[in-house]
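Trainee: The residues making up each chain are set out below.
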Amino acid sequence: MLSASQVSSEPLVHPIIGKGLLAINVDTVRNSVIVAVLLVIIGVVVRRQMRPGKPDGLQNLLEYFVSAIRGLVRQTLGDRPIRILPIVITMFAFIFTCNLIGLVPGFKSPTNDVNTTIALAFFAIGLVHFFSVRARGPAGYLKHFFSMVNSPIGRVLLGVLEVFQEFVKPFTLALRLYFNIFVGELLLAVILVLLGFASPVFNGLFWIPFSVFIGLIQAFIFVMLTISYVNQGTEVHDDLEGSGAGAH
Amino acid sequence: MTSNGFILGMSAVAVGLLIGLGALGAGIGDGLVSSRVVEGTARQPEARASLLGIMFIAVGIIEALPIIAVGIALFLLFANPLVTK
Numbered sequence: 000m001l002s003a004s005q006v007s008s009e010p011l012v013h014p015i016i017g018k019g020l021l022a023i024n025v026d027t028v029r030n031s032v033i034v035a036v037l038l039v040i041i042g043v044v045v046r047r048q049m050r051p052g053k054p055d056g057l058q059n060l061l062e063y064f065v066s067a068i069r070g071l072v073r074q075t076l077g078d079r080p081i082r083i084l085p086i087v088i089t090m091f092a093f094i095f096t097c098n099l100i101g102l103v104p105g106f107k108s109p110t111n112d113v114n115t116t117i118a119l120a121f122f123a124i125g126l127v128h129f130f131s132v133r134a135r136g137p138a139g140y141l142k143h144f145f146s147m148v149n150s151p152i153g154r155v156l157l158g159v160l161e162v163f164q165e166f167v168k169p170f171t172l173a174l175r176l177y178f179n180i181f182v183g184e185l186l187l188a189v190i191l192v193l194l195g196f197a198s199p200v201f202n203g204l205f206w207i208p209f210s211v212f213i214g215l216i217q218a219f220i221f222v223m224l225t226i227s228y229v230n231q232g233t234e235v236h237d238d239l240e241g242s243g244a245g246a247h
Numbered sequence: 000m001t002s003n004g005f006i007l008g009m010s011a012v013a014v015g016l017l018i019g020l021g022a023l024g025a026g027i028g029d030g031l032v033s034s035r036v037v038e039g040t041a042r043q044p045e046a047r048a049s050l051l052g053i054m055f056i057a058v059g060i061i062e063a064l065p066i067i068a069v070g071i072a073l074f075l076l077f078a079n080p081l082v083t084k
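Chains A and B are the protein sequences, given in the same order.
For the first sequence, numbering that gives the first Met the number 0 gives the first residue as 0, with consecutive numbering after it.
For the second sequence, numbering that gives the first Met the number 0 gives the first residue as 0, with consecutive numbering after it.
Calculated from the structure, these hints are not laboratory results.
Computed from a prediction, not measured in an experiment: that's the story for all the values here.
Backbone N, C-alpha and C define an ideal beta-carbon position, used for all residues, glycine too.
Take these hints with a grain of salt, some might be off.
[What the hints assert, rightly or not] Derived DEER-like restraints, expressed as beta-carbon distance ranges:
| id | chain 1 | residue 1 | chain 2 | residue 2 | range |
| --- | --- | --- | --- | --- | --- |
| 1 | A | T171 | B | V82 | 27 to 33 Å |
| 2 | A | F122 | B | L31 | 30 to 36 Å |
| 3 | B | I56 | A | M49 | 26 to 32 Å |
| 4 | A | T171 | B | E38 | 28 to 34 Å |
| 5 | A | V200 | B | G39 | 33 to 39 Å |
| 6 | B | I56 | A | L194 | 27 to 33 Å |
| 7 | A | F129 | B | I53 | 26 to 32 Å |
| 8 | A | V200 | B | A48 | 31 to 37 Å |
| 9 | B | P44 | A | V36 | 42 to 48 Å |
| 10 | A | V28 | B | G26 | 36 to 42 Å |
| 11 | B | I53 | A | V162 | 26 to 32 Å |
| 12 | A | G56 | B | G39 | 34 to 40 Å |
| 13 | A | G125 | B | L31 | 31 to 37 Å |
Go ahead and model the full structure; you've got the sequences and the hints to work with.
Mentor: As structure tokens, this is what we get:
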């Protein structure tokens with residue numbers, strides 16, 4: 000009934016230039032640049048016709064996103080002096096637009112390529128470590144991994160787990176985003192084969208709105224997890240011996 | 000029976016298990032989250048908006064796991080790396 004040859008392998012395969020580790024996925028790069036240019040154009044246009052105090056249309060939408068993320072940052076980080084808001088809003092805008100552009104015929108999401116999401120995740124986690132070192136100092140940063148519990152052997156065991164977790168974080172962050180977007184686009188092709196002539200109705204009424212929703216939620220989750228990792232990484236508690244150790 | 004045929008058959012079983020068990024676990028998780036949100040809303044109707052926001056984030060994180068399972072299942076189905084060409 001359903002065979003591999005019937006489903007277009009288009010979402011699976013990226014046209015490639017180069018070999019091995021130097022290979023470049025052409026469509027991913029092209030679509031990323033398109034998304035970036037689109038965001039810059041939207042930014043410039045909205046900036047030009049900005050009406051302070053009386054937002055309408057696009058400005059309203061953007062202000063909603065900005066204030067939502069700003070609220071999230073303030074709620075999570077409190078009044079700690081961490082200037083993360085601009086970069087986090089940029090990441091949200093980029094990921095959300097990347098997720099949406101794959102639903103336009105002829106485009107593919109840059110986020111349906113694992114390279115994009117791994118790069119974004121490494122950037123996010125790098126940010127976490129940067130702020131962590133800055134908030135705690137290099138010694139405090141290293142000591143933090145081994146200060147979870149009071150017994151020395153527990154510290155070593157938990158410390159190893161903590162360090163391991165730091166390596167796992169970017170991959171969970173990346174794969175969550177990647178598979179959500181990738182499967183969404185692949186299922187579009189699968190539905191096309193399974194439902195035949197009924198597929199435009201199903202896709203248009205159900206799957207594409209659902210994909211927009213998933214794209215929004217995943218972009219938001221990516222940003223939210225980044226913020227909460229930064230929060231975890233920059234908490235400075237003076238619990239060298241004792242009380243605050245159980246706070247986690 | 001060729002070894003490729005065996006691998007394909009086993010892959011089909013794996014695809015069924017991946018999608019089915021993934022959907023099962025995520026369904027239970029989503030149900031738990033939603034039921035608690037309903038309880039919370041019934042107890043404190045004014046907290047509804049913030050509870051809904053938290054619920055969508057939690058559901059999004061839960062839903063990522065079966066989606067990853069479906070992704071691996073589709074890889075097995077359409078681009079099986081175990082089959083020798």
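Trainee: All hints, please: hold or fail.
Mentor: Do the hints match the structure? See the list:
The given range of 27 to 33 Å is respected by T171 (chain A) and V82 (chain B), whose C-beta atoms sit roughly 29 Å from each other. Judged by the Cβ atoms, the range 30 to 36 Å given for F122 (chain A) and L31 (chain B) holds: they are separated by roughly 33 Å. Between I56 (chain B) and M49 (chain A) the beta carbons are some 30 Å apart, a value that agrees with the proposed interval 26 to 32 Å. Judged by the Cβ atoms, the range 28 to 34 Å given for T171 (chain A) and E38 (chain B) holds: they are separated by roughly 29 Å.
Roughly 37 Å separates the CB atoms of V200 (chain A) and G39 (chain B), a value that falls within the hinted 33 to 39 Å. Separated by about 31 Å at the C-beta atoms, I56 (chain B) and L194 (chain A) satisfy the suggested range of 27 to 33 Å. Distance hint check: the CB atoms of F129 (chain A) and I53 (chain B) are about 28 Å apart, consistent with the given range 26 to 32 Å. Roughly 33 Å separates the CB atoms of V200 (chain A) and A48 (chain B), a value that falls within the hinted 31 to 37 Å.
For the pair P44 (chain B) and V36 (chain A), the supplied restraint of 42 to 48 Å holds, since their beta-carbon distance comes to about 46 Å. About 38 Å separates the C-beta atoms of V28 (chain A) and G26 (chain B), a value consistent with the hinted range of 36 to 42 Å. Between I53 (chain B) and V162 (chain A) the CB atoms are about 30 Å apart, so this pair conforms to the stated range of 26 to 32 Å. Between G56 (chain A) and G39 (chain B) the CB atoms are about 35 Å apart, so this pair conforms to the stated range of 34 to 40 Å.
At roughly 34 Å, the beta-carbon separation of G125 (chain A) and L31 (chain B) lies within the given 31 to 37 Å, and the hint holds.
Going down the numbered hints, you'll see the structure goes against none, and every one checks out.
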